[in-house]
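2 protein chains.
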Amino acid sequence: MQFTSERRLDDSVIERAFNLGEIPGFLWTPASASASSPVPLILLGHPPLGLGRMYPRLVARALYSAADGFATATLELPGSGDRPRWPAVEQARAELRRAMEAGQPVSDEIVDALVLPLVDKAAPEWQAALDAVLSLPEIGGPVGYSGGVISIGIRLAVIEPRIAAAGLFAGSFVPRAVFEEARRVTVPLHVLLQWDDEGNDRQAALDLFDAFGSKEKSLHANMGGHTGVPQFAGEVAAQFFTRHLK
Amino acid sequence: MQFTSERRLDDSVIERAFNLGEIPGFLWTPASASASSPVPLILLGHPPLGLGRMYPRLVARALYSAADGFATATLELPGSGDRPRWPAVEQARAELRRAMEAGQPVSDEIVDALVLPLVDKAAPEWQAALDAVLSLPEIGGPVGYSGGVISIGIRLAVIEPRIAAAGLFAGSFVPRAVFEEARRVTVPLHVLLQWDDEGNDRQAALDLFDAFGSKEKSLHANMGGHTGVPQFAGEVAAQFFTRHLK
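Same order as they appear, the protein sequences are chains A and B. For what it's worth, our numbering labels the leading residue of the first sequence as 1445, then goes sequentially. For what it's worth, our numbering labels the leading residue of the second sequence as 1445, then goes sequentially.
Certain hints may be false.
Within a straight-line C-alpha distance of at most 20 Å, the following computed EDC-like cross-link-like pairs (lysine to aspartate or glutamate) qualify [what the hints assert, rightly or not]:
#1 A:1690 <-> A:1455
#2 B:1690 <-> A:1640
#3 B:1659 <-> A:1512
#4 A:1690 <-> B:1679
#5 A:1659 <-> B:1640
#6 B:1565 <-> B:1575
#7 B:1659 <-> B:1625
#8 B:1690 <-> B:1534
Derived contacts from chain B toward chain A, CB cut-off under 8 Å, selection only [what the hints assert, rightly or not]:
#9 1642
#10 1644
#11 1680
Hint data in this document are derived by calculation from the structure and do not stem from the laboratory. Think of the CB as a built atom: it goes at the ideal place given N, C-alpha and C, for glycine as much as any other residue.
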């Protein structure tokens, strides 16, 4: 992990941009974190729209989490932002768009072609980022995963034992294979669902919540459309991480 | 409203038992409440099992709410506790039990016969209690309604303009007429659903949540069976009332 820049935000948070091999990412740390008092980490997931476009929302989440005493880190997704285009996934995305614009149901094949390669490639990258970030003396365990592509969150929760709690956002298409993986998730889960999310199948989200194997899982449904998660829902999610990571 | 007893709990809460005409009830007030600094009120709903049996859970909610600066009040339900038996409702309850024990679906007729008379009789009683409690100088508005028979909460939220927010527990049978009333609820709602509630039809609860007319409504689903609402869910509900009543 090569740090490429460092600056202070709000006087109390250190933002460091890094490259993990060819993959850009960010690490935000409360300025008070040190080797003698390391802070727990939350991985900030995001949709595959590029870190540049997602930056304002990510930094807001990072500042909020830092105030609660968490470091946060995020990584560019494969095929997004400054990373090389990924023609197969872009083709699947075009097919998805065509189907949705035509008002047709989105087939399992399109969802598989769109999401599975992303999950297969991203999950080990985020694990590598975890290795790198946790090697820093001011960052300790346990680790939370928050938001973004829910299928990546599910995969990580299943394969990565350092993840102790996950806050997931029911807002994207989940391949059948990942739905089956959800049954093997056992960490505490906090699932946000935007009840009238125009881009999300509510019943599929409820079925997925039901499938999770976790003994502690909560579903929080709110109004406000896909991007309209109310502020109080963010506060409740923060309390979830504080409960499980501190 | 005749007060029949008064005592201090935990040194910081005043518990007063009262009779409203023939109907017994309780009022809990933070000791700090006064005419010059009145506190908002939460009505504590409960299932029709009698105030005596419900007392331990009610007083726990009252103490919790008092710590957040709320007065709380509750009233015996018609046909419960020390109030006169109500043969028609008891017969409907027996039919409900028979149907459930036989594994048969509970008919709309049984639900109507069981719940509608209770709602029709209880709602104006709770409004009368509200009149009496709000006439005390140390109690101010606005008013919240919390828990208990969800159909009573729905009716009160529709007909009682002093209720500014409601926390409802998706855990009982809702008559079709009350389901239609739910569309006319407009106050902010916080709905708790126990996901694996053995005594509750999950799909009916989701349909009801969908029907509520409120622009701000949140559904919080947790694990743990009918009586296993996790403690953190109570904390989140408390924050809902603090947000809307303070």
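Review point. Among the hints numbered above, which are violated by the structure, and what are their numbers in rising order?
Key: Of the numbered hints, 1, 2, 3, 8, 9 and 10 do not hold.
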